[in-house]
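Protein chains in written order, with this note's numbering: chain A, 219 to 679; chain B, 219 to 679.
There could be a bad hint or two in this list.
Subject to a maximum C-alpha distance of 25 Å in a straight line, what follows is the list of computed DSS-like cross-link-like pairs (lysine-lysine) [stated by the list, open to error]:
1. K389(B) / K389(A)
2. K430(B) / K582(B)
3. K421(A) / K405(A)
4. K659(B) / K675(B)
5. K405(A) / K389(B)
6. K405(B) / K389(A)
7. K577(A) / K430(A)
8. K405(A) / K562(A)
9. K405(B) / K577(B)
A few chain B positions that, by computed beta-carbon distances, are all more than 10 Å from chain A [stated by the list, open to error]:
10. Q315
11. D414
12. W550
Read the hints as simulated data drawn from the structure, not as lab findings.
Ideal placement from N, C-alpha and C gives every residue a C-beta, glycine not left out.
This is what each chain is made of:
2 protein chains.
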Amino acid sequence: MAQITIAGAGLVGCLLGVVLARRGHRVTIFERRPDMRSANISAGRSINLALSDRGLQALSIAGLAEELRAIAIPMSGRIMHDTSGSTHYQPYGREGQAINSVSRGELNKTLLTAAEQAGVEIVFSARCTDVHPATATATFELENGDSRTVEADILFGADGAYSAVRERLMKTDRFDYSQSYLEHGYKELHIPPSADGGFLLDKHALHIWPRKSYMMIALPNIDGSFTCTLFFAHNGSPSFAELRSDADVQSFFDQQFPDAAALMPTLLEDFRTNPESSLVTIRCSPWTFAGRTALIGDAAHAIVPFYGQGMNCGFEDVRVLVDCLDVTGEDWPTALSLYERYRKPAGNAIADLAVENFKEMRDKVADERFLKRKSIEAWVYQNYPDRFVPLYTLVTFSPDVPYDEAQRIGREQDVIMEDLLDHPDVRADWTTDAAQSVIRKRIESLPTLNIRPLSPKNNLV
Amino acid sequence: MAQITIAGAGLVGCLLGVVLARRGHRVTIFERRPDMRSANISAGRSINLALSDRGLQALSIAGLAEELRAIAIPMSGRIMHDTSGSTHYQPYGREGQAINSVSRGELNKTLLTAAEQAGVEIVFSARCTDVHPATATATFELENGDSRTVEADILFGADGAYSAVRERLMKTDRFDYSQSYLEHGYKELHIPPSADGGFLLDKHALHIWPRKSYMMIALPNIDGSFTCTLFFAHNGSPSFAELRSDADVQSFFDQQFPDAAALMPTLLEDFRTNPESSLVTIRCSPWTFAGRTALIGDAAHAIVPFYGQGMNCGFEDVRVLVDCLDVTGEDWPTALSLYERYRKPAGNAIADLAVENFKEMRDKVADERFLKRKSIEAWVYQNYPDRFVPLYTLVTFSPDVPYDEAQRIGREQDVIMEDLLDHPDVRADWTTDAAQSVIRKRIESLPTLNIRPLSPKNNLV
Numbered sequence: 219m220a221q222i223t224i225a226g227a228g229l230v231g232c233l234l235g236v237v238l239a240r241r242g243h244r245v246t247i248f249e250r251r252p253d254m255r256s257a258n259i260s261a262g263r264s265i266n267l268a269l270s271d272r273g274l275q276a277l278s279i280a281g282l283a284e285e286l287r288a289i290a291i292p293m294s295g296r297i298m299h300d301t302s303g304s305t306h307y308q309p310y311g312r313e314g315q316a317i318n319s320v321s322r323g324e325l326n327k328t329l330l331t332a333a334e335q336a337g338v339e340i341v342f343s344a345r346c347t348d349v350h351p352a353t354a355t356a357t358f359e360l361e362n363g364d365s366r367t368v369e370a371d372i373l374f375g376a377d378g379a380y381s382a383v384r385e386r387l388m389k390t391d392r393f394d395y396s397q398s399y400l401e402h403g404y405k406e407l408h409i410p411p412s413a414d415g416g417f418l419l420d421k422h423a424l425h426i427w428p429r430k431s432y433m434m435i436a437l438p439n440i441d442g443s444f445t446c447t448l449f450f451a452h453n454g455s456p457s458f459a460e461l462r463s464d465a466d467v468q469s470f471f472d473q474q475f476p477d478a479a480a481l482m483p484t485l486l487e488d489f490r491t492n493p494e495s496s497l498v499t500i501r502c503s504p505w506t507f508a509g510r511t512a513l514i515g516d517a518a519h520a521i522v523p524f525y526g527q528g529m530n531c532g533f534e535d536v537r538v539l540v541d542c543l544d545v546t547g548e549d550w551p552t553a554l555s556l557y558e559r560y561r562k563p564a565g566n567a568i569a570d571l572a573v574e575n576f577k578e579m580r581d582k583v584a585d586e587r588f589l590k591r592k593s594i595e596a597w598v599y600q601n602y603p604d605r606f607v608p609l610y611t612l613v614t615f616s617p618d619v620p621y622d623e624a625q626r627i628g629r630e631q632d633v634i635m636e637d638l639l640d641h642p643d644v645r646a647d648w649t650t651d652a653a654q655s656v657i658r659k660r661i662e663s664l665p666t667l668n669i670r671p672l673s674p675k676n677n678l679v
Numbered sequence: 219m220a221q222i223t224i225a226g227a228g229l230v231g232c233l234l235g236v237v238l239a240r241r242g243h244r245v246t247i248f249e250r251r252p253d254m255r256s257a258n259i260s261a262g263r264s265i266n267l268a269l270s271d272r273g274l275q276a277l278s279i280a281g282l283a284e285e286l287r288a289i290a291i292p293m294s295g296r297i298m299h300d301t302s303g304s305t306h307y308q309p310y311g312r313e314g315q316a317i318n319s320v321s322r323g324e325l326n327k328t329l330l331t332a333a334e335q336a337g338v339e340i341v342f343s344a345r346c347t348d349v350h351p352a353t354a355t356a357t358f359e360l361e362n363g364d365s366r367t368v369e370a371d372i373l374f375g376a377d378g379a380y381s382a383v384r385e386r387l388m389k390t391d392r393f394d395y396s397q398s399y400l401e402h403g404y405k406e407l408h409i410p411p412s413a414d415g416g417f418l419l420d421k422h423a424l425h426i427w428p429r430k431s432y433m434m435i436a437l438p439n440i441d442g443s444f445t446c447t448l449f450f451a452h453n454g455s456p457s458f459a460e461l462r463s464d465a466d467v468q469s470f471f472d473q474q475f476p477d478a479a480a481l482m483p484t485l486l487e488d489f490r491t492n493p494e495s496s497l498v499t500i501r502c503s504p505w506t507f508a509g510r511t512a513l514i515g516d517a518a519h520a521i522v523p524f525y526g527q528g529m530n531c532g533f534e535d536v537r538v539l540v541d542c543l544d545v546t547g548e549d550w551p552t553a554l555s556l557y558e559r560y561r562k563p564a565g566n567a568i569a570d571l572a573v574e575n576f577k578e579m580r581d582k583v584a585d586e587r588f589l590k591r592k593s594i595e596a597w598v599y600q601n602y603p604d605r606f607v608p609l610y611t612l613v614t615f616s617p618d619v620p621y622d623e624a625q626r627i628g629r630e631q632d633v634i635m636e637d638l639l640d641h642p643d644v645r646a647d648w649t650t651d652a653a654q655s656v657i658r659k660r661i662e663s664l665p666t667l668n669i670r671p672l673s674p675k676n677n678l679v
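With the rest of the complex left out, here is chain A (with noise of 0.2 Å):
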C-alpha cells in the first residue's frame, strides 16, 4: 500500500483519488479552491462539458459512469444555425451513439463525495506551495496560514492547465516546455429555460452558429437553459475589442446570430459580466520524475476545447494508469513510465486534433463539400467498418482507439477522400452507382484497420 498525494481536486484528481484509494492505497488531495459542495464558488473554466466515450469508459472503472449518465444530457449531433435562422442537423455517429452535455460542477461535486466515500482525505485551501519532485513531497498553504509539508511514496499534479507541480518540474534540468495560445478567445453566455421549464432549442444537439472566422456554440443544461459560448479574436475585425459598447453588441448579436440573441434576455449584461478568456495548449515533457511524481490531466497537456476532449483525455489517463499498475503488479515506477509512454503521443494527438477542429466547427460545418465528404465518410463506415472509421468516430466512439492512432489514420484518411471527392462521378453525385462503384474501389484497396492498444493491458489480452 502505497502514502499518495495528489495535488488538485478537480475533475482527474478526484477520479485518481476515487481508483486509487479502492486499490487499497491511502490518498490525500490538497485542492487550492474551497469544497465547492458549501462555497458558491465557479467549477472552473466553463460551465458545461461533453463527456463522451473515453471519459464514460474510465469512470466506468470507479462505478461512476451510470451515476453520472443521470445528470447528462445526450446529445446525437450537430444542429448548425446560419444567419438566416435556417438550421441543418448532422448526426456525429450511429444511431444510438451521442456526447452528453454534464455540468462541470455537478459532475465535480459526484466526484468529491465519490472520492471521500472511497476514503480519500481531501483538504481544500490548500495552495501549493513548493514540491521536490525526487522525494515526492509537496508544501501548501493551509487555510489558517498554516504550512503543511507531506512526502508520499507518490506525487501526482493533477492541479490542472496552470499546474504548480509542473512549474516546480520547469525547473529540473531538460524539461520541456510550451504554452502557444490561440487569437481567439471565448466568453459564456446564457439562453433561459422557456417559461414553463422547457428547452428553447433542441436539447439533443450541440448547436454552432459557424461564422468563418468566429462561432458561437450553445449546449443544454438540465434546468432547461442552454450554456452559450462565443469564440471569437481577441483583437483584429471582428473580434472582442471591436465590440465596445452594449449597442455594438446587440447589433453585432442581432446580425449574427438573430435567432438566438431572440432568446438571450440577459445577453448585455452577461456580455459585459463574463470574463473574456483564453485558449491555451500546452505540452510538456517529461510527465513523470524520479519515478515517484507525475504529471496527469490538464496539468500534463492542456488542449483546447474544440474536440470536446479536455476531460475525456484527463480521465483516459487514470484509466490507463490503472492498467499500467496493474500490468507492472504496481511497481510503481515501471508502471510511471509504461504511463507516459502510452499517454504523452495520445495527449499530443489530442492537442492538434483539438486546435485543427475550430476550423471545422466554425467553418468547414458550414460548406457544401465538407457536409459531401460527411455523408460519404457515414456510408462508408456502414459499408466497411472493419476498413474504414470516420475520424470523429475513432475519437470520440472509439474508447479502445488510442488519439495518436485516430489522428494517424484521421491523416491516412484525409488523403482518400479529398482525392474521392476529386473525382469527376463523385463530384456530379456520390449517390450514383458509377460514383459509389469508385468509392466502393478505393475503400476495397484498403487494409483492414490495425490500430495500436491504448494500453500495455489490452497489449497483453
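We have chain A; now place chain B onto it with these hints.
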C-alpha cells in the same frame, strides 16, 4: 533623449548599450555577475565563439569591428578528422571568406569598456528581482543587499537564455513560450599550445571529428591552444552516462578521436571537472510589451550552437533595431514593433537551421553524396551567383539576407540539388560535360534570387 535600462551586460546588452548611448540616450546596464574585467569568472557557456559577417556588420555600427578582428583567428573552412587521423578540408566559402574564432571573455571585456566609454553606466552584481513591463520598471538586488527600482522610458531584457525579464513577461496574458532540449549535451575540453607556443592543429580551420550520432569540434585560441567541445548524448549508448571511469573516457577517446586524444594531456581531469551542459532552444512571443519593454538576443531566441550564429543573431538584432529607430525617427513604440516584426521570423529560422546543422556537422560532412553536393553547389554559385547562393553562404557570409529568407531559399535548393544528385549523369561524374549541362539547364531555369530586406531601412533605400 530616452532613459534606457538594459538587463544584462553580456555581448548583446553591451553592444546595445554602446549604440544607444552613441545616439544620445541615457543608458544604464544592470548585470547579475561581477565585473569580469576584475573578477576571475567564467564568461558564460562557451570559451570561444565564431564571429561571422553578420556580427561584424553589427559591430561596425559601433565602430568596433576592426578592434575585434584583431583578437580573432580567421577560420576559412572545416577540417574533418576520421578515426584513422586522416583529414579532409572543406572551405566555408570563397577565397578570403572566413569565420572568426574569438574568446567570449575578451570580446565581452572589450564591449564592456566600449560601453563605458560611450557613457553607459554599468551596475554589476545586480540581480533582477522584479519587472513591470508596462512601465519599463525593473528592480535589482544590489551587491550590498539593497534593492534599487528604476523606471525608464524603455527596458531591454538582454539577460540571456534564462532571462529574468522574459520570466516576468511569461506572466502577462497570452504569452507564447517554448523551451526544448536536445538529447545531446556538451563538455568543453582542451588542447594546449605546443612547447614553443605554436598551434598543434591547423589554426585557420574549425576542426570536426564527425561520428554520426555525436561529434567533437575544436576552435583555435590566440594563445596557441584549442578549445574542444564534445557534443554527445546525455543518455543511451554511446553517451556521457556510459563514460563513468577515467579508463572509459581514455579508451573512448583513443578509439574515436585518436589524433586529438594524443594532444590532450589534461583530458581526464578536464572531463571530470568540466560540466556536462545542456542544449536548449527557446522561443517566445511577443518580444515587446506596451511599446516600452523588449527582449533581445538569447533572451528572445536562445538557439543551439551548430550554425555558430547565436551571438551573430543577437548582434544583428541590435543592427535591425537601430534601423527601426532611424526609419521611425525614434518613435519607440513603432520602432519596437517593427523590430519584432523583422526579427521574430529571423530568430525562428536560425533556431531551426541551427538544430538541422547539427545533423550536417556530426553525420553528413563525412558522407560522400554530401561532399559531392557541396562541390556542385560551389561550382553553381561561381557560375550563377545571382541565381544560386549556397545556404551556408547565405547564413554566414550574407549579412543583408534575413535568416528566414536563407531558410526558405535553402529549402528550395534542397529539392533542386537532391534531384540533380539523383540524375544518372550527375551520379556517374558531375564534372563531365553531360552532367554539367544537366545542372546548367536546371539552374538557368531558376529566377534571379529575390530576397526580402533585412530591415525596414533596406526597404526604403
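> Looking at the structure, which of the earlier hints fail to hold?
Replying inline: Hints 4, 8 are the ones this structure does not satisfy, whereas the remaining hints hold.
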